[in-house]
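J.: Produce the complete structure using the sequences and hints provided.
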Amino acid sequence: MSRRAGALSTDKDVKRTVNVPLFRSLMDSLAEDRRWVILDLGKARPRTIDLLSRFRCRVDVADLEDVVVASLDQRDESATDPVESLQAMPQPERIDVTLTWDYLNYLSQPQITGLMTLIAKRSRPGAFAHALIGYSRSVMARRPGLLAPLDEGRLIDLSTGTPDRPATRYSTEDLDRCSPGFTIERIRLLTSGMQEYLFRLRPGGNSSG
Amino acid sequence: MFDKKDTSRGRPAQTPGSSGADRDSRPATPGRSGSTNAAIIGRSIKIDGTLSGDEDLRVEGQVSGTIRLPNHCLTIGKEGRIKADAYAKSMLIDGEVSGDLCSSENIRIRATAKIRGNVLAARVSLEEGAHFKGSIEMDPKSIDRALGKRQTQAVASDGGRSEPGKPAAKLANVEPAPPKSGAAQQTAGDKSLKAESTH
Chain A
15 MSRRAGALST DKDVKRTVNV PLFRSLMDSL AEDRRWVILD LGKARPRTID
65 LLSRFRCRVD VADLEDVVVA SLDQRDESAT DPVESLQAMP QPERIDVTLT
115 WDYLNYLSQP QITGLMTLIA KRSRPGAFAH ALIGYSRSVM ARRPGLLAPL
165 DEGRLIDLST GTPDRPATRY STEDLDRCSP GFTIERIRLL TSGMQEYLFR
215 LRPGGNSSG
Chain B
1314 MFDKKDTSRG RPAQTPGSSG ADRDSRPATP GRSGSTNAAI IGRSIKIDGT
1364 LSGDEDLRVE GQVSGTIRLP NHCLTIGKEG RIKADAYAKS MLIDGEVSGD
1414 LCSSENIRIR ATAKIRGNVL AARVSLEEGA HFKGSIEMDP KSIDRALGKR
1464 QTQAVASDGG RSEPGKPAAK LANVEPAPPK SGAAQQTAGD KSLKAESTH
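Protein chains in written order, with this note's numbering: chain A, 15 to 223; chain B, 1314 to 1512.
None of these hints come from the bench; they were simulated from the model. Some hints here could point you the wrong way.
[Claimed, not checked] Listed below are the simulated DSSO-like cross-link pairs for lysine-lysine, each with C-alpha atoms no more than 30 angstroms apart in a straight line: (1) Lys-1359/B - Lys-1391/B; (2) Lys-1462/B - Lys-1402/B; (3) Lys-1391/B - Lys-1446/B; (4) Lys-135/A - Lys-1454/B; (5) Lys-1427/B - Lys-135/A; (6) Lys-135/A - Lys-1391/B; (7) Lys-1427/B - Lys-1454/B; (8) Lys-1454/B - Lys-1359/B; (9) Lys-1446/B - Lys-1427/B.
Remember, it's a predicted structure, so these values are computed and weren't measured experimentally.
T.: Here it is as structure tokens:
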């Protein structure tokens, strides 16, 4: 890749970083010498591609950002539903890891259920899904997907505007209910006002697929 | 220098130095597109079919079908739109692509690019702002396997016509173009670029 992840240019950058231990443990597991299929729900970001290029993997980029925002703002009634958009994306190989970033915060509970059900159907037994859920702040950024990895254990917040969208602040119970097929394996509270979740596909959790 | 078999609609494709209206679509920066001597498919040109060749190519027009430049650089300029699977030694993408991209060396996806399809290359770089939806293969073993398979198939599909020691000019997983009649083939020097209609 043309740019190596991990470089922090200013103090401001440092303040915008957040340690993500569960993300780190996920990246650590990717070091195992086998092929991984990773689904990234967000945009293709140089930092993400750079980080993942260190592993034997294929990255499927769903680029749901615009679809999620359009759905949220209901600007366009004909806008594609995020679940339909992901459904339309070919998935020839079973998924090992799904990176949802902060996208679940921007979906309704039925949408999360639809999305996680689809991901479960397309995943390999024991597959992981990683998510960042806002828990303390009452507002969040206008758009999702403004987090990018600095390295295996740190993310940087790329948002520039003032957060002004009411936060959904889903609870663990909400997420558990909306993620059929998955169990919540680990949760970490982060200093950024987010909670880090690691889901794991239950045995038989993708059986309906 | 540029061989065409009755496939383009509109003006013929041009190479740098030829006269025409596409002068401003020439590669502006040496090295960026691999070569300032790249053949150019100008903005008003539309090609349906298979493009193969033995020189660098810059697309500012529209191409549907297949592009095969196994030993050269393919540049899709900002105005370029391809609805095609493409295989080249290296690629620089500024424009729109709907299809799969395969490179034996590297693929650079710039900020203005919009890609829907799959990317397979030994090295992939992507700039912030690029729109990409599809998969990026980053498993070296899978890449080697895919590229090796393509090379092997390319030799086979070339019918043994390739010179020993030189990579075959055609890729395998592409439908062979039907035989043509009455289409003159022109070459200049040791370079050639062919546009073959599949219709």
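J.: Now tell me if each hint is right for this structure.
T.: Going down the list of hints, with the structure as the test:
no.: 1; hint: Lys-1359/B - Lys-1391/B; in the structure: 15 angstroms, holds
no.: 2; hint: Lys-1462/B - Lys-1402/B; in the structure: 15 angstroms, holds
no.: 3; hint: Lys-1391/B - Lys-1446/B; in the structure: 18 angstroms, holds
no.: 4; hint: Lys-135/A - Lys-1454/B; in the structure: 27 angstroms, holds
no.: 5; hint: Lys-1427/B - Lys-135/A; in the structure: 29 angstroms, holds
no.: 6; hint: Lys-135/A - Lys-1391/B; in the structure: 38 angstroms, violated
no.: 7; hint: Lys-1427/B - Lys-1454/B; in the structure: 27 angstroms, holds
no.: 8; hint: Lys-1454/B - Lys-1359/B; in the structure: 37 angstroms, violated
no.: 9; hint: Lys-1446/B - Lys-1427/B; in the structure: 8 angstroms, holds
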